[in-house]
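Asker: Here's the letter readout for the chains.
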Amino acid sequence: MELIKLTIDKRSVEVEKGTTILQAARQIGIDIPTLCYFSLGDMKIENKPGGCRICVVEVEGRRNLAPACATECMAGMVVRTNTIRVLNARRTVLELILSDHPFDCLVCAKSGNCELQDLAHKFGVREIPYKGEQSTYRKDTSPSIIRDVDKCVMCRRCEMMCNDVQSVGALSAVNRGFQSVVAPAFEMNLDKSVCTYCGQCVAVCPTGALTEVDHTRQIIAALADPNKTVVVQTAPAVRAALGEEFGMEPGTLVTGKMVTALREIGFDYVFDTDFAADLTIMEEGTELLGRLGKFLAGDKEVKLPILTSCCPAWVNFFEHNFPELKDVPSTSRSPQQMFGAIAKTYFADKIGVNRKELVVVSVMPCLAKKYECSRDEFKHDNNPDVDFSISTRELAALIKQANIDLVTLPEEDFDNPMGESTGASVIFGTTGGVIEAAVRTAYEVHTGKKLEKVDFEELRGLEGIRHAEVDFDGLKLNIGIAHGLGNARQLLNDVRDGKSEFHAIEIMACPGGCIGGGGQPLHHGNSTILKARQMALYREDAGKPIRKSHENPFIVKLYEEFLGKPMSEKSHHLLHTHYFDKSTKIVVE
Amino acid sequence: MAEIKLPENKLNQLKEVAKSFNNDGGELINVLHKAQEIFGYLPAEVQEVVAKELNVSVAHVYGVVSFYSFFTMTPKGKHPISICLGTACYVRGAEKVLDEFRKLLKIQVGETTPDGKFSLSGLRCVGACGLAPVVTIGEKVYGRVAPDGVKEILAEYKD
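In order, the protein sequence lines correspond to chains S and F. Per this note's numbering, residue 14 is the first one in the first sequence, and the count goes up by one each step. Per this note's numbering, residue 206 is the first one in the second sequence, and the count goes up by one each step.
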């Protein structure tokens with residue numbers, strides 16, 4: 014490792030060779046403003062096209078200004094980040110960007126959380142001296158994501174996420190000059206493209222160009238309707254991030270406060286998606302053991318590895334990209350959909366409400382969940398099992414609109430029967446969690462022995478692709494884990510080519526799993542926030558009295574009273590699904 | 206599952222082209238050049254095949270096609286009209302000639318008439334500056350074209 018010395022604003026700093034001026038300045042606490050630049054630190058996610066020119070600095074001996082994000086430090090370099098020349102150049106750049114940006118900040122979905130607005134505020138911009146042509150492009154609304162490219166600043170972060178990280182390839186810069194926009198192929202709408210709705214483009218967009226479809230109005234309408242019974246379910250990762258929207262430290266668990274807030278907003282029953290996650294483990298775990306049993310008995314046809322299926326963006330991804338593998342993933346529906354199916358049958362019967370009068374709302378860290386609940390196979394007589402899915406951000410907005418101060422709220426418990434959950438289900442919210450939960454149950458069912466230690470450290474972490482061997486009392490189980498669809502693609506290519514050694518693979522579309530979901534509070538490139546959320550979920554798991562899904566007493570009761578046993582006919586009908594080939598086939602005329 | 210249909214011989218030619226460039230995504234522009242030679246233009250279907258053959262996203266292919274003005278997604282007309290806009294032709298009134306074509310055909314440069322008969326494009330110098338302003342229709346060259354002669358020229362292409 015070669016170290017080099019340079020001076021930034023008269024302060025000397027020593028950095029590794031290859032460090033950019035921006036990184037070096039941040040090391041010594043000098044803030045250089047950025048716009049297009051984006052980095053998720055050690056997660057190998059970086060965008061530095063050097064395009065926006067907001068981060069320019071003066072380098073002694075260099076004629077023009079240098080973009081700090083894309084200029085490497087050199088030995089003896091003398092850098093000035095705040096000369097009049099630099100400040101004027103940055104202001105001009107910003108004013109030019111703003112001269113082609115709509116002025117509807119007051120009603121923009123991104124207001125208060127917009128990096129462009131922050132810069133305008135920081136630079137003290139009070140008027141735009143440039144008048145000229147304005148971009149006008151149609152708004153594109155899909156089931157999950159809204160594209161309003163008039164607000165695009167061409168930072169290319171979404172393109173980086175969609176292509177380099179997720180390998181989805183739904184977005185690209187198209188056309189040239191003033192007509193350039195980031196768009197799907199042939200400028201078709203997102204819902205006609207290969208978009209998986211993972212929402213990572215939304216998670217990194219600095220402005221209001223990419224936002225989620227907002228369902229809070231419909232929920233308020235349902236809550237105000239005296240003929241409707243409205244139940245809500247909250248996904249595991251939401252409780253580990255919601256507090257951030259109210260100024261709480263990242264990693265603060267707000268489970269109890271969130272329950273109180275939902276009750277105050279007026280939901281008739283406050284339930285937990287974690288309950289359905291326990292149910293998922295019962296079904297998926299049984300499916301895994303079933304396939305393994307056949308495999309061990311010499312069945313050559315059995316599909317292994319089994320792939321998890323709770324992530325809807327991942328499901329969309331393989332339907333588009335690996336249709337030949339559509340029999341490989343578990344047929345278990347996601348926890349969101351299992352919850353909806355049980356709520357609108359078992360629970361609706363219990364409280365004597367017709368499914369059409371029962372409104373099921375889910376709070377998810379995810380944007381793909383909005384699309385998932387709109388899929389036809391999850392409807393009964395055109396009535397969806399889950400009526401509306403809102404993101405963590407939308408829930409925060411709903412709480413704020415209701416004038417509730419989350420921070421000072423007392424803590425309450427979820428309602429029963431669909432609010433009881435185990436530690437196993439809580440960790441669904443992080444990469445590695447689903448497979449750890451499955452292993453806890455599958456181990457005990459397969460061996461008939463009690464697990465001495467329920468923590469499987471070897472399955473945890475934030476490496477993009479991980480593998481571990483778990484000993485099932487002599488049977489060695491090979492487990493693969495991938496998060497981020499680009500990483501998933503690597504494991505999937507092996508499965509397709511018959512080279513995969515794994516028995517089971519967990520896949521989450523978003524980097525970090527649901528803790529980094531497209532619907533979570535924006536992390537603005539701070540990876541310590543993701544780590545804090547992950548730790549919070551493991552903390553919640555460790556503090557739970559029951560930590561294995563099959564020991565959840567309400568799950569046991571649900572099978573006794575209603576479903577029979579895992580993979581029963583009723584389970585198949587309500588808790589399992591099938592997948593579609595969404596690829597484009599080329600045929601000859 | 207969506208289906209796209211292409212004629213077999215042209216599809217095979219395109220696949221051969223991709224193969225000759227080792228199905229390398231870095232050769233996208235070269236493959237698109239050849240594809241446009243084969244099909245005359247680059248419709249969405251062709252871009253889908255190119256993307257698949259080179260293992261790149263369709264959005265990326267479209268990004269390149271829409272960036273370079275040489276590539277076109279509109280099929281050329283049966284009689285492609287090119288008006289020379291090089292210096293010599295330009296100073297001798299080529300733009301007025303172009304305006305007349307636009308007015309009579311009701312299309313812009315880069316477009317094709319709805320009946321597929323004519324398409325309009327501008328080009329730079331055909332090496333016949335002595336005949337400026339020059340117009341070519343298909344293989345035929347027209348010299349010293351005046352705006353009021355355009356109607357007569359078009360009348361030659363009745364079918």
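Hints may be right or wrong, so weigh each one.
[What the hints assert, rightly or not] One side of the interface only, derived from the structure: several residues of chain S facing chain F at Cβ under 8 Å: (1) Gln36; (2) Gln40; (3) Met167; (4) Asn176; (5) Leu309; (6) Asp312; (7) Lys313; (8) Lys598; (9) Val600; (10) Val601.
[As the list claims (entries may be wrong)] Calculated from the model, a selection of chain F residues having no Cβ within reach of chain S, i.e. all distances over 10 Å: (11) Lys210; (12) Pro212; (13) Ala249; (14) Val254; (15) Lys257; (16) Val261; (17) Phe272; (18) Asp304; (19) Lys308; (20) Pro352.
Since the hints were derived computationally from the structure, they do not count as laboratory data. We put the beta carbon where it would ideally sit given N, CA and C, even for glycine.
Asker: Run the structure past the numbered hints and jot down the numbers of the failing ones, going up.
Answerer: 1, 2, 3, 5, 6, 7, 11, 12, 13, 14, 15, 16 and 17
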